[in-house]
Amino acid sequence: MTIRTEPMTVNIGPQHPSTHGVFRLRVTFDGEEILQVEPIVGYLHRGTEKLAEERNYTQIVTLTDRLDYVSSMINNQAYCLAVEKLLGAEVPPRAKYLRTLTAELQRIASHLVGIGFILQDLGTLGTPLMYCFRSRERILDLFEMLCGARITVSYMRPGGVFFDAPTDFWPALDQFLKDFDTEFKEIEQLVLENEIVMVRTRGVSLLPLDLAINCSVSGPVLRASGLAWDWRKMEPYDAYDKVEFDVPTAINGDNYDRFWLRIQEIHQSVRIVEQCIRQIEPGPVRADVPLVLRPEPGAEAYGRVEASKGELAFYLVSDGGISPYRCKIRSPSLINLTVTEHLLVGYKLADMIVTLGSLDINMGEVDR
Amino acid sequence: MGLVHLAGPDLARQLEAAVADSVEEWNDDAVWVKTPSIAGVAEFLQADPVLDFQFLNSISAVDYIGYFEVVYHLTSFRQRHTATIKSKIPGRGESIVPSVYRVWRGADFQEREVWDLMGIRFDGHPNMKRIMLWEGFQGHPLRKDFL
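Chains as they are written, first to last, in our numbering: chain A, 1 to 368; chain B, 1001 to 1147.
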């Protein structure tokens, strides 16, 4: 005899530790199984695009820090590249290397948060996350040496970076890379072939490549589904054409692949940082651009980077004034959420939390 | 490396041939299409094997006071080229644009965001409601007359 059970609708969030910010999911369950999902966002909406219309081009850098606040260097970079495209400004080589270097350190920090939280969501409370945060903390210390801030860095400026690295930054960076080599090996040994991680994440929430492309998914989530598409390679900006690195991909597009891929990307980021240290040469770090920028009226630019979450882009339109006429932010976290329903329906409640972790969204960027 | 950006008379001619009376104007950066033919043009851009625009990077909307402009940034992974398609919507009332949701599902949240913040409705979108702001919010904040 079968017993009919009523489906039940539950709100997960907006205040819930596993949603990584103020994110809400309205989920309909049949027992443990998910029947229907609706992601509800907007709780952190601060109107960044409207605020940008009221500030001058240099001031907007501080707004970009507050988008994806675990990768603010890369946000700075995306915005500055868009402004430089708008102005046609050239950046000095040392500034290009400093940007590439800090952006890659930030990618390592962001991916460490990403993999740390997937493990946290799997139920390994505290320990692996703290292993990840131990290394991330060191990167934030390095940022503090560069610009006095750890999270909201505002380090880059249209035309270069705010300030050259202090002399004691370079030995500190070398020491970090040396320590990180052992620290990261430790994390890998703990988690990469961990049986619980394998059983819980393999074959769960598969994302086929054609669906990923159709849903405008980008970044590690797209590459985990099998497409080697990385804007750093395809449209090299700053110093990415001067350094060698690989674009790791996976095949299945399940939770394990998304998790595994971020670990591989950290290795590539370390490679890029090491090459930057070898190649960087003394010189100016900021082009001679005025403090108050006035691009041509009618000029527009779409500047994009491969951020830690995916394709981050700024679409700027100028009317000749000191602020952009329109500043649209293409947020990879929001657009990657398009596949939530596909990834979750048919799986269980416990997998839902892990799948969300494997998408690695950041609410500051989703809501803007 | 780097990607080729398709624009100008070449792309305009192809679009005009596929969807009759669809192109309004073009320059070196973008092609403007007439609003009612957006969905048809989108379908052609995705299905044509030479253009092959499988990936919709972003949908933006700009308020030029006399008219709105919707901007589609597109990429083809296989052909390694990009394109920008724009459309002008005259007037300041409740503007309506055909949805490209059926062509690119990535338009889902982006079209909702344009409706929410700029007040342009997308006809054919299955879930056309506000995304960032709450239902019942008055006005569309990214419009230039919203203070």
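Calculated directly from the structure, the hints in this document are not laboratory data.
C-beta: ideal position from N, C-alpha, C; glycine also.
Some hints here could point you the wrong way.
The list that follows gives simulated cross-link-like pairs (lysine-lysine, DSBU-like), each with its CA atoms no further than 35 Å apart [unchecked claim]:
#, chain 1, residue 1, chain 2, residue 2
1, B, 1034, A, 85
2, A, 50, B, 1034
3, A, 242, B, 1088
From chain A, some residues computed to sit far from chain B (all C-beta separations above 10 Å) [as the list claims (entries may be wrong)]:
#, residue
4, 47
5, 123
6, 217
Comparing the hints with the structure gives:
Annotation: proposed proximity of residue 1034 of chain B to residue 85 of chain A holds, straight-line Cα distance about 28 Å (limit 35 Å). For the proposed pair residue 50 of chain A and residue 1034 of chain B, the alpha carbon gap of about 27 Å is at most 35 Å, so the pair holds. With a C-alpha separation of about 41 Å, the suggested pair residue 242 of chain A and residue 1088 of chain B falls outside the 35 Å cut-off, and the hint is violated. Once the 10 Å rule is applied to beta carbons, residue 47 of chain A is inconsistent with being away from chain B; the minimum gap is 6 Å.
The beta carbon of residue 123 of chain A sits about 30 Å from the closest Cβ of chain B, which is more than 10 Å, so the claim that it is off the interface holds. The Cβ of residue 217 of chain A does not lie farther than 10 Å from every Cβ of chain B; its closest approach is about 7 Å, which violates its non-interface assignment.
Violated hints, in rising order: 3, 4, 6; the structure is consistent with all others.
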